[in-house]
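Asker: One-letter residues, chain by chain:
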Amino acid sequence: MTAIDPRIAGMKRNLERFKLILPVMSPKGGVGKTFATALLAHILSRKYECISLFDADLTNPTLHVVLGLNAKNMKIIEERGVKPVKVNERLELMSLALFVDEYSIPLRGKDVENVIKELLAVTRWSGRILLIDTPPGFSDTHLELLKILSSVSKSLIILVTTPNYIALKSIERGIKILLLESVKLAGILGNMCVSTEDEFKIESMTHRYGIMYLGCIPYVDRIENYFGLNLANMLKHVEHLYNNIVKSIDNFTGV
Amino acid sequence: MHEWALAESIILTIVNEAKKGGRYSFDTEVVVGELQSIDFETLEYALRELKTIAEQEHNISIKLKISRERAQFKCSRCGFTWRLADIELADDMKEAVHFVPEVIHSYMQCPRCKSHDFEIVSGRGVYVRFI
Ligand SMILES: Nc1ncnc2c1ncn2[C@@H]1O[C@H](COP(=O)(O)OP(=O)(O)OP(=O)(O)O)[C@@H](O)[C@H]1O
Ligand SMILES: [Mg+2]
Ligand SMILES: [Zn+2]
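Residue numbers (this note's numbering), protein chains in the order written: chain F, 1 to 255; chain Z, 1001 to 1131.
Looking at chain F on its own, in the form it has when it is part of the complex (with noise of 0.2 angstroms):
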């Protein structure tokens, strides 16, 4: 007699409409992740149809935050499953964030692995590409995304980091260990440069480890006034990300 976790070939089935799959990685915290997946978000929906989001920072999620939404607007619908929240007409989300907002998620390593079979096994998508905001680290929220994504064999990682040199040093080691696996790589994505010379620490980095320079989203005081609706209006500054991104994706999908 052998046990079985309908989950899985559930998740697998509802992945399967993705074409691709970008998970946001980075083993430093506060670099900028999120920040950078809503506004990945953004400057997709511009391109490609309906972007799809899975908030993964499964003990404190923030996504929905950053898209501008209020946890308690926030509904569950059910339809053969659950129904991502709606950003907007193009964007869509699924956080923690919907069942349990005013407090921290405590959960140890079997606990993530549950939720994020549960969260992909239930969430009926509409979107074509899926965006994942991640946790910093390399643990079991990365282990458990990586080996699911294995076998649906469309993703690509986006890492980001900052200028800053101990963020540099983080992002180094972790190109270094996905190199050595099978995983794909977008390239980096540099967050909060203020000077040329920012933007060149980080993309001579990646030339010498063979990865596309995403480029760098600029620092931004008072950021939060970009938050939600506003932060399709910094596009404008981001162009060139934009334009980039598009080559690594296409690249990719042999557009």
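By construction, these hints were calculated from the structure, which means they are not laboratory data. It should be emphasised that the depicted structure is a prediction, and the values quoted were computed from it without experimental measurement.
Subject to a maximum C-alpha distance of 27 angstroms in a straight line, what follows is the list of computed DSS-like cross-link-like pairs (lysine-lysine):
(1) F:K154 to F:K47
(2) F:K184 to F:K47
(3) F:K154 to F:K12
(4) F:K83 to F:K19
(5) F:K154 to Z:K1020
(6) Z:K1094 to F:K75
(7) Z:K1094 to F:K83
(8) F:K154 to Z:K1019
(9) F:K12 to F:K83
(10) F:K110 to Z:K1074
(11) Z:K1065 to F:K117
(12) Z:K1019 to F:K19
(13) Z:K1074 to Z:K1114
(14) F:K19 to Z:K1020
(15) F:K86 to F:K236
Please build the complex by placing chain Z with the ligands on the supplied structure of chain F, with the hints as guidance.
Answerer: Same frame as chain F, but now just chain Z with the ligands:
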């Protein structure tokens, strides 16, 4: 309904087993954990509907037995064990736990030491046993 998604995953799991080849009849037990407070009638109905379709489409026969499993917890800090029946949860918390059982870690504490660090020992969710 969320129960439909679960039922679909269960039938899909059986169909995947069938596709591996060599087997045409499946005697299965669907174990439903108490924590997810699954609506039994909806799940049974969904399973029956989807089973008929799968049987015809893949030329197999599926026997399904549904059983329940009690939820039990063990504190990882002090070792205390308890059951779901021992505590009370508000309705909105129950709804959240229905979708993602692990969010119980935000809403429940060890009755002895107040820790949120406990293990869901049994009765978490749904799994399939092939007999
Ligand atoms: N380009 C930027 N300019 C100025 N501030 C920024 C920029 N990008 C992000 N921030 C701010 O820096 C902080 C960290 O950003 P964010 O939460 O996106 O990082 P993170 O990598 O997701 O963090 P964590 O590792 O905790 O998940 C936030 O307060 C965010 O608003
Ligand atoms: Mg974050
Ligand atoms: Zn305890």
